[in-house]
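Visitor: Protein chains in written order, with full-length UniProt numbering: chain R, 1 to 254; chain C, 1 to 67.
If you're looking for bench data, these hints aren't it; they were derived computationally from the structure. In this text, all values refer to a predicted model and were calculated from it rather than measured experimentally. We treat Cβ as the ideally placed atom computed from N, Cα and C, and that holds for glycine. Please note that the accuracy of each hint is not assured.
Chain R is nowhere near these chain C residues, computed Cβ spacing over 12 Å in every case [said to hold, decoys possible]:
hint, residue
1, L2
2, N3
3, Q24
Ranges between beta-carbon positions, derived for each pair [unchecked claim]:
hint, chain 1, residue 1, chain 2, residue 2, range
4, C, Q32, R, G20, 25 to 31 Å
5, C, Q17, R, H241, 46 to 52 Å
6, R, K178, C, E9, 51 to 57 Å
7, R, L73, C, G27, 43 to 49 Å
8, R, A99, C, Q24, 24 to 30 Å
9, R, K5, C, T31, 37 to 43 Å
10, C, S21, R, S93, 41 to 47 Å
11, R, D225, C, D18, 35 to 41 Å
12, R, T247, C, G27, 32 to 38 Å
13, C, A10, R, R31, 25 to 31 Å
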Amino acid sequence: MLADKDFIRYSRQILLPECGEAGQQKLMQSRVAVIGVGGLGCQVAQLLAAAGIGELWLFDHDMVELSNLPRQLLFSEADIGQSKARVAADLLSRRYGTAVRALGKLDDASINLLDDIHWVVDCSDNFATRHLLASFCYTQQKTLVSGAIAAFEGLLFLQAASGASSVKSGCYHCLFPKDTESAKRCASQGVLGSAVAAIAALQAQMIQQLILDMPLPSGRLQRFDFRHFRWHEARVPADPHCAVCATRGETDPC
Amino acid sequence: MLNIQLNGEARQVDSAQDLASLVQAQGVKQTQVALVLNGELVPRHRWPHIHIQDNDNLELFSAVAGG
């Protein structure tokens, strides 16, 4: 049973038949990791905290910089030089009462902390972190919602814990194998904060629907071309040569 | 010549062309892009083995990792 105050606070969510009181309780019992507290991560963390997600773990070792402020809306000039994860955690716990842990860089050592996490949102800004995370999530059966943005290109990809579907779909490494290099980065290509917020909102929506047991297709790349305002969707089939998800003994496709 | 769509634009290409040479002709680095053929992502290692067909719909886009 929800407390009366929570019932009123989350009433617009509870009104949705797909959520209801039981769904709200699921959201409040969920523990979500947000990897990267930059443009995407700030928005994702705020939307999830406001929706009543029980616990958030924020991974980032960067400090707030002046050039972050147009799109990383949890930070202000007074925060420059301070830890992004710490500032975001303090603000979100104060404003929404969410239990938020501020953690440092996600690397080979700290990634094992994710053993205790239910859901993972990738908001990082480099392929090294994305590959490390996607490989861990595939092996450890964690659902990963990956979002990326640079310039006018936004990407969204769900890597569901395998076994959720009878048809094997591609993993993140099938989409972008390990030797993929970044052609576009926000730091070198630029980006508008509103485009970042749009992709982040979709990541937050996706995580909440998954928590509410609303099935979503895994192994599909959603790509939004902001320049032409057009959606593109592509199936990402399991690659028999994939370094992460390929099953041994499969035939060569070539 | 074959008629294809590349990123929404009508193009004509050589009938012998494979996906790898098409990507190369765009002047982009193979490891920095991904390719969708008729709604399905094609792994990079398969590009040299797939030849373009008439009316193929191709989407070539940058690998994006920004956050």
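Visitor: None of the hints should be skipped; say for each whether it holds.
Guide: Outcome of the hint check:
1. No Cβ of chain R approaches the Cβ of L2(C) within 12 Å, the least distance being about 21 Å, so the stated non-interface status holds.
2. The non-interface label for N3(C) is consistent with chain R: the shortest C-beta to C-beta separation is roughly 20 Å, beyond 12 Å.
3. Distance to chain R confirms Q24(C) as a non-interface residue, since its nearest Cβ pair spans about 15 Å, more than 12 Å.
4. Q32(C) and G20(R) have their C-beta atoms about 46 Å apart, which leaves the hinted 25 to 31 Å range violated.
5. At about 23 Å, the CB distance of Q17(C) to H241(R) disagrees with the hint of 46 to 52 Å.
6. Taken as a hint, the range 51 to 57 Å is violated for the pair K178(R) and E9(C), whose Cβ atoms sit roughly 31 Å apart.
7. For L73(R) paired with G27(C), a C-beta distance near 37 Å fails the hint of 43 to 49 Å.
8. The hinted range of 24 to 30 Å is not satisfied by A99(R) and Q24(C), whose Cβ atoms lie roughly 51 Å apart.
9. Taking 37 to 43 Å as the suggested C-beta distance range, the pair K5(R) and T31(C) does not conform, at roughly 53 Å.
10. For the pair S21(C) and S93(R), the supplied restraint of 41 to 47 Å is violated, since their beta-carbon distance comes to about 55 Å.
11. The hinted window of 35 to 41 Å between D225(R) and D18(C) is violated, with their beta carbons roughly 25 Å apart.
12. A hinted range of 32 to 38 Å holds for the C-beta pair T247(R) and G27(C), which are about 37 Å apart.
13. Between A10(C) and R31(R) the beta carbons are some 50 Å apart, a value that contradicts the proposed interval 25 to 31 Å.
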